[in-house]
Amino acid sequence: MSLPIFLILFLIGSFALAFVFRAGLSRILPHRHAIVARDMPLTAAFGIMVIIAYVFVALMAPVLAPFAEREVVGAQFQPWGGAHPLGTDRLGRDMLSRLIYGARNTVGIAFATTVLAFVVGAILGIWAALRGGWLDQVLSRFVDALMAIPSLIFSLLLLTIFGTSVLTLILVIAAVDATRVYRISRSVAQGIVVMDYIEAARLRGEGTWYLIRREILPNALAPLVAEFGLRFCFVFLTISSLSFLGLGIKPPMADWGSMVRDNATLITFGDITPLLPAGAIALLTVAVNFVVDWQLHRASGLKE
Amino acid sequence: MTDSPLLTIRDLYVEGRAGEDWLPIIKGIDLTLHRGEVLGLIGESGAGKSTLGLAAMGFARDGCRISRGEIRFDGIDLRTTSERAKRKLRGRRIAYVAQSAAASFNPAHKLIDQYAEAPLLHGVMAREQARHDAIELYDKMRLPNPQEIGFRYPHQVSGGQLQRAMTAMAMACRPDLIIFDEPTTALDVTTQIEVLAAIRDIVRQFGTAAIYITHDLAVVAQMADRIKILLRGEQVEEADTRTMLAAPREDYTKSLWAVRSFARAEQPAATDDPIISVRGVTAAYGKTTVLQDVSFDIHAGRTVAVVGESGSGKSTAARVITGLLPPVAGEILLDGTALPPDYRARTRDQLRQCQMIYQMADTALNPKLTLREIIGRPAEMYLGLHGRALRDRVRALLEMIELEPDSYIDRLPSELSGGQKQRIGIARALAADPRLIICDEVTSALDQIVQEGILRLLDKLQSELGLAYMFITHDLATVRAIADDVVVMKQGRIVEQGTKAQVFAPPHAPYTDLLLSSVPEMDPDWLSNLLKARSV
Chain A
1 MSLPIFLILF LIGSFALAFV FRAGLSRILP HRHAIVARDM PLTAAFGIMV IIAYVFVALM
61 APVLAPFAER EVVGAQFQPW GGAHPLGTDR LGRDMLSRLI YGARNTVGIA FATTVLAFVV
121 GAILGIWAAL RGGWLDQVLS RFVDALMAIP SLIFSLLLLT IFGTSVLTLI LVIAAVDATR
181 VYRISRSVAQ GIVVMDYIEA ARLRGEGTWY LIRREILPNA LAPLVAEFGL RFCFVFLTIS
241 SLSFLGLGIK PPMADWGSMV RDNATLITFG DITPLLPAGA IALLTVAVNF VVDWQLHRAS
301 GLKE
Chain B
1 MTDSPLLTIR DLYVEGRAGE DWLPIIKGID LTLHRGEVLG LIGESGAGKS TLGLAAMGFA
61 RDGCRISRGE IRFDGIDLRT TSERAKRKLR GRRIAYVAQS AAASFNPAHK LIDQYAEAPL
121 LHGVMAREQA RHDAIELYDK MRLPNPQEIG FRYPHQVSGG QLQRAMTAMA MACRPDLIIF
181 DEPTTALDVT TQIEVLAAIR DIVRQFGTAA IYITHDLAVV AQMADRIKIL LRGEQVEEAD
241 TRTMLAAPRE DYTKSLWAVR SFARAEQPAA TDDPIISVRG VTAAYGKTTV LQDVSFDIHA
301 GRTVAVVGES GSGKSTAARV ITGLLPPVAG EILLDGTALP PDYRARTRDQ LRQCQMIYQM
361 ADTALNPKLT LREIIGRPAE MYLGLHGRAL RDRVRALLEM IELEPDSYID RLPSELSGGQ
421 KQRIGIARAL AADPRLIICD EVTSALDQIV QEGILRLLDK LQSELGLAYM FITHDLATVR
481 AIADDVVVMK QGRIVEQGTK AQVFAPPHAP YTDLLLSSVP EMDPDWLSNL LKARSV
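Going line by line, the protein sequences match chains A and B. Sequential numbering from 1 applies to the first sequence in full-length UniProt numbering. Sequential numbering from 1 applies to the second sequence in full-length UniProt numbering.
Hints may be right or wrong, so weigh each one.
[Claimed, not checked] Partner residues aside, some chain A positions facing chain B, computed with beta carbon under 7 angstroms:
1. M195
2. D196
3. Y197
4. L203
5. R204
6. G205
7. E215
8. P218
9. N219
Don't read these hints as lab results, they were simulated from the structure. Keep in mind the model is a prediction, meaning the values are calculated, not measured. Quick reminder that beta carbons are idealized off the backbone N, C-alpha and C, glycines included.
Sequences are here, hints too, so could you generate the full structure?
Shown next, in the form of structure tokens:
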């Protein structure tokens, strides 16, 4: 089968699946959410479906994978077929199993990192906008200073200093990305804190935490959700590139980025196996962005 | 010149998109306008005045469409002519003056260059000629320093001047028709007069036909030859201005006329101790002093109206009382004891006693919270209500502001009309069980009929709950309706204060006199007489 035909079939197939998925979703859900599900575009349905599939694979990895993550089960670089549907890697580990475990590691770490970056960045950003004055100045100049350093080089530097455990990886990338989140949430919040309802809440004697949580955050959510989707993809790609460079998730843990690097030589022999983890990364990135676009569209109140 | 009308609109329908459907905004309006004639369009917001005004240019806003009917401008059918042909007409033969001149000017260009844009584009004049012409028109619009004012940027001139510059700009190509969309609504009464007089003169001088859109009857009485009244996209009645004012036919028209009939019963002068005393307050933003030695009292059960033009320091006085702007000198007394100047240093009970209602209900209510949360929060915080008690309190408050609890309690502010939002602002203030409510221009963004409803509600609540109001406004008609005591302010100082009877009875301080005489009256000769009286 030639590639264009395969791609067209793939697209048609996935949208047909998305259609069925959406129809099913609006059937199962309670009324209020069913309406939302029925009105969502096919791209969003496709995105949600893909994300659910990834989460499912990540959670169920030990059950789904035919072999263990780190076990050497055969000869090096075996072709597709037989006991190893996607062949084996350069150490003779099962490719399919490592792909499945990779979902767990890469997606899980990226998700934890993004959430951490958002909690820290958004709270500090809104706080700075709310308080203003010297606090805002100190935080903002500090963030400016951090952002002045190219992010990949900065992460590499920090990782070389602190070593490459999963925890330091999460903390370092979260710290670098929190600066970006800080910037956007501060500027969004600055537009909100001048509203009369914030003044009313302040005059009521509300504390900072209530102001952030109930008065500002709900109104800043739309741009932050959009940023979350983009940020998640960036973090995901950063982890993969760090792993590719050898400073990310350490072997023998399975990770899509390092899987591309490890098996890159196969490309020269016309074998597309190294493209599978890369494709997995690309597919998730696209899916997340579909959902984010839809959410953004809904939040901004735009109609077609 | 022939007798054929300049503009005829026949059986016009305009629709606006609402989700999947198209809802009618204008439902079958006829309109005829002769050369040199001024037609006043009156209606509440949402009546379709602006939509009709724009349709007269053959234009529909985004999300709107002209679905049926005929628009003829000087023999040209505006519904069938090409966009290109219509562009040639607009600015050249039909001009438009928007409500907010500040938002309509490009802040990056000088006034005179923006003036010259249309004549250059339409090839009517060369640049030098356009500049001479601009200065001449600026002079006719009685702008100060007509030689020089055009070389300023929009932010360097005042709102009233900007509105006049905009009218001059609309006149640049000597159009046959100008559409004025609420050109003075955003201005103070004293500025409004200058703009009205200038617009009227220039329209008469050039024999331009005009459609004057407003919700202020007294204003339209000065400007228009004929008045057309709209209600929900339909015409209520149309007549010659004097006929209409003397003998309105329809009930709706009469109700518009009668809006200002509301007046609060006179109260005897207060004898008890004031709730809030403002004592010798001087306040400043940075180095600019905005309040100079201001003192007044607010008593329980009474309304103090603080009146003045924008920039007179009315709102700043409220900010000092609430503690948002700590004063440079002076103090605020609550029941005789001094309040901390900064709100953050005040106790929760001190904060509770003084609540605030804002001018723009849109920005005063958090759009993401339901009414239950908005109204419930102060009751929860200050009175410690929870669960069922809190729910009952919110329901009681909704009933107090005359909204049906069951259908409103779970709505978001976006699901309310402007007047209803303002009612929610009132309920939120009431929820704290306050003794003083500061109302900052609470009715100025609302239509007259809605305004009256809000004023009546505030009055009812005052007599039921014994509240004190500090009512900040620039609208003297409102002051007449609801005030017990009046404080007149100008440039940060109190010009005159006393009970309503004292302030409104002559002899006035000169500034009070200027303010009082500037409030438009229904009499169509009012403006001419006033200008005559002032020029003597």
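Tested hints:
no.	hint	result
1	M195	holds, 5 angstroms
2	D196	holds, 4 angstroms
3	Y197	holds, 5 angstroms
4	L203	holds, 6 angstroms
5	R204	holds, 6 angstroms
6	G205	holds, 5 angstroms
7	E215	holds, 6 angstroms
8	P218	holds, 4 angstroms
9	N219	holds, 6 angstroms
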